[in-house]
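As you go down the protein sequences, you meet chains F and S in turn. Just so we're aligned: 36 in the working numbering is position 36 of the first sequence, and the numbers increase by one with no gaps anywhere. Just so we're aligned: 109 in the working numbering is position 109 of the second sequence, and the numbers increase by one with no gaps anywhere.
The set of hints was computed from the structure by calculation and includes no laboratory data. Everything numeric in this text was worked out from a predicted model, so none of it was measured. One or more hints might be untrue.
Put simply, identical chains are the same to the list, so a pair is met inside one copy or across any two.
[As the list claims (entries may be wrong)] Straight-line C-alpha distance at most 27 Å; calculated DSSO-like pairs for lysine-lysine:
{"no.": "1", "residue 1": "Lys181", "residue 2": "Lys272"}
{"no.": "2", "residue 1": "Lys104", "residue 2": "Lys272"}
{"no.": "3", "residue 1": "Lys233", "residue 2": "Lys181"}
{"no.": "4", "residue 1": "Lys104", "residue 2": "Lys39"}
There are 2 protein chains.
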Amino acid sequence: MGEKFKVLPSQPSHNNLFLNRVAILGVGFIGASLALALKTHRLCGEISGFGRRESNLIRAQERGIIDSGSLDLIEAISDADLIVFAMPVGVFLETAAMMRGALKEGAVVTDVGSIKGTFVYEMEELLSPGAFFIGAHPIAGSEKSGIDTADAYLFSGNRCIITPTERSSKDALDIISTLWKTLGARIETMTPEEHDNVFGAVSHLPHIIAYEIVNTVEDINGIYLRYAGQGFKDLTRIALSSPELWRDICIANRVNLLSDLDIFIARLERVKGHLLASDARSLEEEFRRASSLRDGLGQN
Amino acid sequence: MGEKFKVLPSQPSHNNLFLNRVAILGVGFIGASLALALKTHRLCGEISGFGRRESNLIRAQERGIIDSGSLDLIEAISDADLIVFAMPVGVFLETAAMMRGALKEGAVVTDVGSIKGTFVYEMEELLSPGAFFIGAHPIAGSEKSGIDTADAYLFSGNRCIITPTERSSKDALDIISTLWKTLGARIETMTPEEHDNVFGAVSHLPHIIAYEIVNTVEDINGIYLRYAGQGFKDLTRIALSSPELWRDICIANRVNLLSDLDIFIARLERVKGHLLASDARSLEEEFRRASSLRDGLGQN
């Protein structure tokens, strides 16, 4: 990858990664947390931020999250060794298409998005030759938004899924793996397809459910939500997540989600059967299985 | 109600309630928390506990949660001015039937259950004449169980729904209202039917959903649950609740739940339609409505 990444091969590489210039595209909660994490771990020199709202970029700069901000994509990525897509996935491809001629030779491009699938192959295709795309998905709370709650240690101790393909550059993959390891994440690699199967089930479907149970209670009676207790608030916390972001993710993963929704609806129909029959034993068995599985994830 | 309740009418009654003897039937998380709260607020003399497991009663006594414990219902309620049903709702009626001849004249009987409906009328009928039933539902986390996490201030600042009927004794209602007010709860009265409509939507349906999303992920792939992040854990925290308790609640409220489930499933079918059509705008509208409603409940 050349001298840009000062990886000294004689040392464990995750102690020696240094990126002169990083561009964060989308300075929201995750983008800002990553910027802070990179600075805290001294993984980079300068960080430039790209975004749609100047006020946010100015605020991010004032708080030392980024060193410079720009509404101009080409300016933001200029001379960057690493470019991180931290914007809603719906604008990935058009953004990548706009930047391709302006990328530094050998630049590594990555993302922090919750969806991989065909995007990874399309990004790879759009950016090559000259730059290298490696998909990444740090598992971190997404219901927060904005830079006010950005956290340099957000990724520490949490999983980060990396989704290389057969075409992935080994050097670029090393850099992304090393980066996340250095930030304290537990790396796991999957194919983009595996990733979307897994996170369709444990993340995307749950978001749809959280949004729709809120809508359902409002449908039942417009004043009932005021009686929601802690359990309901926990259940629906992820419904605070960005509608725009999750719209894109769900549309992108719609094939898996359609199948997952059918499985979920079939389960609910089964519960309806137990209720209709006042079949307490079957209902308890359903609940007991779920409770025991949930218990395996720990209290919090 | 006689001298048993030392309510001095010249003072605000909620400062002057004192019950000589209280029986807690079911010394679990809620029962134990109520016992601690009654002691902390000096609302009673002695507390007896009734339960199925001697070891739990001994532990509760050792920790000063109850003053005496008994596996014998009649012994536990002997001479009690207030009897609190804090056991699974499925055993309410048989327990009430067993105790009716042994109740102190004028005793007040109440509960802390999540379901009211016909139970309230049946309890009222079973216990009269001689004793008075007033239904109550303190809104407090139910996914915890056991006395280890019992909390004297669990009810403070939270709602407590009281469900009097046309037959309710005014004195008994006063005692129960005063009790919960003294513990810091925000009292609200509803009919038993209103209560079950409201909490079917904001509590019982959400429990079914939490249990069934866990089962769904396990159905999709037995290894996927290990990838569950904080959002999934929040969403499914109430699936840690007692399967036995929630089986009883759901069966008892099955008429409301069947209708609520249909409304929820119709919402999910609508989402499927948006996904099939890749209709990003409609999907975003759904999510945005939910997100804004959820935001109205506050972050936590």
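Quick rundown of the hints versus the structure:
For a Cα distance limit of 27 Å, the shortest separation of Lys181 from Lys272 qualifies neither inside one copy, at 46 Å, nor across copies, at 38 Å. Taking identical chains as interchangeable, the C-alpha atoms of Lys104 and Lys272 are never at most 27 Å apart, the minima being 58 Å within one chain and 42 Å between chains. For the homomeric pair Lys233 and Lys181, the shortest alpha-carbon distance between copies (24 Å) is at most 27 Å, but the shortest distance inside one copy (33 Å) is not. Taking identical chains as interchangeable, the C-alpha atoms of Lys104 and Lys39 lie at most 27 Å apart only when both belong to the same chain, with a minimum of 22 Å there against 71 Å between chains.
In terms of the numbered hints stated before, the structure departs from hints 1, 2, listed from lowest to highest.
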